[in-house]
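Engineer: Chain A is already provided as a structure; the job is to place chain B on it using the hints.
The lines below spell out each chain.
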Amino acid sequence: MKERIRIRKLYKSYGKNTVLKDLNLDVHAGEILVILGRSGVGKSVLLRQIIGIEKPDSGSIEVDGMMISSLKKSELYEAVKNMGMLFQSSALFDSMTIEENTAFYLQQHTQLSPLAIARKVEEALTMVGLSGTEQKMPSDLSGGMRKRAGLARLLAYRPSILLYDEPTTGLDPITAQQISELIVNTQNELKGTSIVVTHDLHSALYMADRLALHQDGQIVHLAKPGDFLNIDDPLIRGLRENLTHVKRKK
Amino acid sequence: MLSAVKNQTLHVFELVGGYIFFLLDVTRATLRRPPSWTLIREQLYHLGVMSFSVVAITGFTTGFVLAAQSFYQLGEKGLAGVTGVLVAKSMITELGPILTALMVTGRVGAAMCAELGTMKVTEQIDALRSMAVDPLAYLVAPRFIAGFVMIPLLTLFSIMMGIFGGYLIAASYFHMPTATFLEPMKVHISSFDVLTGMIKAFVFGVLLVTVCCFKGMKTTGGAAGVGRSTTQSVVTSYVLILVSDFFLTMLLNMIHMKLRHL
Numbered sequence: 281m282k283e284r285i286r287i288r289k290l291y292k293s294y295g296k297n298t299v300l301k302d303l304n305l306d307v308h309a310g311e312i313l314v315i316l317g318r319s320g321v322g323k324s325v326l327l328r329q330i331i332g333i334e335k336p337d338s339g340s341i342e343v344d345g346m347m348i349s350s351l352k353k354s355e356l357y358e359a360v361k362n363m364g365m366l367f368q369s370s371a372l373f374d375s376m377t378i379e380e381n382t383a384f385y386l387q388q389h390t391q392l393s394p395l396a397i398a399r400k401v402e403e404a405l406t407m408v409g410l411s412g413t414e415q416k417m418p419s420d421l422s423g424g425m426r427k428r429a430g431l432a433r434l435l436a437y438r439p440s441i442l443l444y445d446e447p448t449t450g451l452d453p454i455t456a457q458q459i460s461e462l463i464v465n466t467q468n469e470l471k472g473t474s475i476v477v478t479h480d481l482h483s484a485l486y487m488a489d490r491l492a493l494h495q496d497g498q499i500v501h502l503a504k505p506g507d508f509l510n511i512d513d514p515l516i517r518g519l520r521e522n523l524t525h526v527k528r529k530k
Numbered sequence: 139m140l141s142a143v144k145n146q147t148l149h150v151f152e153l154v155g156g157y158i159f160f161l162l163d164v165t166r167a168t169l170r171r172p173p174s175w176t177l178i179r180e181q182l183y184h185l186g187v188m189s190f191s192v193v194a195i196t197g198f199t200t201g202f203v204l205a206a207q208s209f210y211q212l213g214e215k216g217l218a219g220v221t222g223v224l225v226a227k228s229m230i231t232e233l234g235p236i237l238t239a240l241m242v243t244g245r246v247g248a249a250m251c252a253e254l255g256t257m258k259v260t261e262q263i264d265a266l267r268s269m270a271v272d273p274l275a276y277l278v279a280p281r282f283i284a285g286f287v288m289i290p291l292l293t294l295f296s297i298m299m300g301i302f303g304g305y306l307i308a309a310s311y312f313h314m315p316t317a318t319f320l321e322p323m324k325v326h327i328s329s330f331d332v333l334t335g336m337i338k339a340f341v342f343g344v345l346l347v348t349v350c351c352f353k354g355m356k357t358t359g360g361a362a363g364v365g366r367s368t369t370q371s372v373v374t375s376y377v378l379i380l381v382s383d384f385f386l387t388m389l390l391n392m393i394h395m396k397l398r399h400l
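Residue numbers (this note's numbering), protein chains in the order written: chain A, 281 to 530; chain B, 139 to 400.
The following block holds chain A by itself, in its conformation from the complex (with noise of 0.2 Å):
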């Protein structure tokens, strides 16, 4: 299978602390890849690196055959035009409505008129079952329904790399798992590549074509579903005695 994105090598570290240790990871077109983890590890750290928010320490990151890791700032601008993040706080900006936020990425980047703009938030928000909040301020929603605004600013300008920060952290099961049927439906849609990082294991496995165990500064494990769940790991173990009711996707 072809791979968008090869990592290889990769450290980062904060001071004394080194959250990256030599992380090796290879995405394939078309997958969603989740990546588990306790919390703190640094998965985060790894999507704000691929997406070029932050540079690492050493090692190397390439998408789609360039190396994100050592384009200037003009070029990197360039280079992740073709990717989107959901963050953990959904990042919507705070001073504009929902429309505005759907709609920055097209005003920025595209000639589109305003009618055809106006015609895609639309839709995006319809995707998302935010129709009618157009006019609101994010301030108005509930977190949930943030997460949703977020995730129709990347279903607006319908990016080919989506990485998810954390998408059901600090929501109700409920509304988490319409956050994961919305994060499968989003990539049947855009038909792109995804990164989810997550430590909810529900959601993980209702999403994910591989799964990955990020630990001390690496993927420890990677496999699909099925077989991730028999890897005789503490962490693994502990997650699945844990595991209940789970409604998989495939």
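Careful, some of the hints might be misleading.
The calculated lysine to aspartate or glutamate pairs, modelled on EDC-like cross-linking and capped at a C-alpha distance of 16 Å, are [said to hold, decoys possible]:
1. A:Lys353 to B:Asp163
2. A:Lys352 to B:Asp163
3. A:Lys361 to B:Asp272
4. B:Lys356 to A:Asp344
Per the computed footprint, the stretches of chain A lying under chain B, defined by three or more beta-carbons under 8 Å from a beta-carbon of chain B, are [unchecked claim]:
5. 324 to 337
6. 357 to 366
7. 381 to 391
Rather than coming from a laboratory, the hints here were simulated on the basis of the structure. A quick note: this is a predicted structure, and the numbers were derived from the prediction, not measured. Beta carbons are placed, not taken as given, at the ideal position from N, Cα and C, and that holds for glycine.
Structural biologist: Same frame as chain A, now just chain B:
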């Protein structure tokens, strides 16, 4: 003890270096791809138009007090006639630029830092980057341009209000003839004085905007961090404005003296 001093020194160097690089990056970002007129207009309004009233009141009352003090202090010695020149010269070369910069720092700089700081800690700045939008070009450049344009304009306005305030009290309360107040200005106020005031205004404008934006963009540590950054941005701007005022005064006067002797 020694290690604490070393760490503090390193921290200061890191901060100064970071600020210089930030200033260069902002200048580059502004020149390479100037921000849209909509973004600039918004900042011109927030920084400039909304500050006119506070700058007017400050300038007016300062001129008022300056004239009154001059009249009381110098009148006894028969020097009441220099009141107008004293008010104008003080407002043009010192008080106009300084008071305007300090007032705008308090009114707009703090808000600028808090806004950017909140955007930083809530990942909104990262969201901009993830959508291939340079935060320096989108957020800082319009504020930079607004500071560069509006602080000199506000300073001019403050100077005019100060002279008007001074004239008002001199004429109405101390019954000074208009000509006595205004005429000596023609002789004693030079274009160099106006240039000094304007150069200071430009420098203060750039300083206050970039310091407040730099502090905002470097914010960490949630709501408490935003509070901390905001306080630091105001204090640092105040100190830098006052210190740079001293050096600018010395430098500009030295240049002026040299030019006069050529």
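Engineer: Evaluate each hint against the coordinates.
Structural biologist: Outcome of the hint check:
no., hint, verdict
1, A:Lys353 to B:Asp163, "11 Å, holds"
2, A:Lys352 to B:Asp163, "13 Å, holds"
3, A:Lys361 to B:Asp272, "12 Å, holds"
4, B:Lys356 to A:Asp344, "32 Å, violated"
5, 324 to 337, "holds (count 4)"
6, 357 to 366, "holds (count 7)"
7, 381 to 391, "holds (count 4)"
Consistency note: the structure conflicts with earlier hint 4 alone.
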